[in-house]
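Chemist: Protein chains in written order, with this note's numbering: chain B, 314 to 574; chain Y, 314 to 574.
Don't take each hint at face value.
It does not matter which identical chain is meant; a pair holds if it fits inside one copy or across any two.
[Stated by the list, open to error] Derived lysine to any residue pairs resembling SDA-like cross-links, with alpha carbons at most 25 Å apart:
| no. | residue 1 | residue 2 |
| --- | --- | --- |
| 1 | 376 | 484 |
| 2 | 406 | 374 |
| 3 | 381 | 428 |
| 4 | 406 | 479 |
| 5 | 524 | 500 |
| 6 | 484 | 429 |
| 7 | 535 | 365 |
| 8 | 507 | 530 |
| 9 | 510 | 454 |
| 10 | 376 | 413 |
| 11 | 408 | 482 |
To be clear, the hints were calculated from the coordinates, so they are not data collected in a lab. Just so it is clear, the structure is predicted and the values come from calculations on it, not from any experiment.
Number of protein chains: 2
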Amino acid sequence: MRHSLLAGGKRVRPALCIAACELVGGSEEQAMPAACAMEMVHTMSLIHDDLPCMDNDDLRRGKPTNHKAFGEDTAVLAGDALLSLAFEHVARKTKNVSADRIVRAIAELGKAVGSEGLVAGQIVDIASEGDASVGLDILEYVHIHKTAVLLEASVVGGALVGGASDEEVEKLRGYARSVGLLFQVVDDILDVTKSSKELGKTAGKDLVTDKATYPKLLGMEKSKEFADELVRQAKEQLSSFDQQKAAPLLGLADFIAYRQN
Amino acid sequence: MRHSLLAGGKRVRPALCIAACELVGGSEEQAMPAACAMEMVHTMSLIHDDLPCMDNDDLRRGKPTNHKAFGEDTAVLAGDALLSLAFEHVARKTKNVSADRIVRAIAELGKAVGSEGLVAGQIVDIASEGDASVGLDILEYVHIHKTAVLLEASVVGGALVGGASDEEVEKLRGYARSVGLLFQVVDDILDVTKSSKELGKTAGKDLVTDKATYPKLLGMEKSKEFADELVRQAKEQLSSFDQQKAAPLLGLADFIAYRQN
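Whenever a hint applies, use it, and build me the whole structure from the sequences.
Modeler: Structural data, given as structure tokens:
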């Protein structure tokens, strides 16, 4: 569990969670258990997706993948334990937040993982591998479920424990959806343009496995334009908030758009 | 998810959860989401334990195991989705229970799965496989973590959503711990004395894989005596409750002790 959770990574989900909480008047302390939970869930999905029976990857966050280091059995179990710890951690460690908001944040996290979230994305991703007929609709479904839903849960979970109104939650949900898709478009672009060393994971893999990606379906130029459009949309969702307080979330959208790994 | 969850099974955990809730004055309706969650978690642990990289089993609840039916990738993901759905289901569907009790039940469930629960038991189980020096202490550790903790979470979770006092929770925890160990002692006995058809899973497997079991370490006679002692202990924990209201939990202890599969 530590091998994969503490291997570094950009911590985008925790950052989004805390920033959303603070934007609506909450504190970092209130958001921290949920923020850590989002990273645990993300890490669990990486461990399981890297397994030989799935993407069969050897390198992750610049280190051997979990099953390379500890064997497949331990990797499956480390993922299971991280997933349950995520929920337990939010339930047990969230302080100074009303219990009904904690329950709502847990429900949000649960939805992001299961058959309407990460798992749905990975199932369709596996099923469409090597299928040359995969179009933008399937690609977008996979990205929304594999990436955007957990970014959404991070933002909405943070907003909920921070005391957001329903209206604030919905605006932040819109922001998260744009950012979630943006995240994956940029991932696809980086897979083509960067080395494994720069990425900390196997680069060029999408090309080798003949996977549908934005650069492949739209071309590199149009993919970059789409990324720019998504940054714009994400920021627009935050226009009704105090722009100084919204600076971290605005900055995170830029960070996701212009990151190099 | 449906293949494994709806394959039958004894539903011991849901029954314990509902019976505990009703014993402390709660209703079946209050306990049902938690009861279903316990079965989802149990099913998920069976799916992952049956994987080729773990126990490599072909038969479960009289049907092909999940990976035999759908492949390893889907089996891993079905387990993941069931695990997260369990938490989401408790959070989203529990009605007429205060949110702080829901949060406590979720924390209890989380602890039962992770590195202090099912996963701990399975890790030690795998690590001690084929080790002839495994004694009663390791055997008991494995059984407590692989079985007893989730039975405990079922009973305690049910008691919590049913409005139990702290004292009631602790007595029911004691009952659940005895029943949890009892459950596994009986499983070990049945593995030796019953056929695969009668069990709905591969019988005699413990002998073939040279696994430490109670009959092997204590002999069959002493194993049965130990089971009788555990039933007695379990019932003793319920002595301060109204015996008529405690009848379902008393009966479940007998059911677990004298079941034939």
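Chemist: State for each hint whether it applies.
Modeler: These are the hints, each one checked on the structure:
For the homomeric pair residue 376 and residue 484, neither the shortest alpha-carbon distance inside one copy (37 Å) nor that between copies (47 Å) is at most 25 Å. Taking the shortest alpha-carbon separations for residue 406 and residue 374, neither the intra-copy value of 27 Å nor the inter-copy value of 37 Å comes in at or below 25 Å. With identical chains, the CA atoms of residue 381 and residue 428 are at most 25 Å apart between copies only, with a shortest distance of 20 Å across copies and 27 Å within one. Within a single copy, residue 406 and residue 479 get their C-alpha atoms as close as 24 Å, and across copies as close as 20 Å, so both meet the 25 Å cut-off.
When the C-alpha separation of residue 524 and residue 500 is checked against a cutoff of 25 Å, the pair qualifies only within one copy, where the shortest distance is 13 Å, while the shortest distance between copies is 46 Å. In this assembly of identical chains, the alpha carbons of residue 484 and residue 429 lie at most 25 Å apart only when taken from the same copy (21 Å versus 39 Å across copies). For a Cα distance limit of 25 Å, the shortest separation of residue 535 from residue 365 qualifies neither inside one copy, at 34 Å, nor across copies, at 44 Å. In this assembly of identical chains, residue 507 and residue 530 lie within 25 Å of each other by CA distance solely inside one copy; the values are 19 Å within and 58 Å between copies.
In this assembly of identical chains, residue 510 and residue 454 lie within 25 Å of each other by CA distance neither inside one copy nor across copies; the values are 29 Å within and 43 Å between. In this assembly of identical chains, the alpha carbons of residue 376 and residue 413 never lie at most 25 Å apart, being 39 Å within a copy and 40 Å across copies at closest. In this homomeric assembly, residue 408 and residue 482 come within 25 Å of each other (Cα to Cα) both inside a single copy, at 20 Å, and across copies, at 23 Å.
In the structure shown, a violation is registered for the earlier hints numbered 1, 2, 7, 9, 10, in ascending order.
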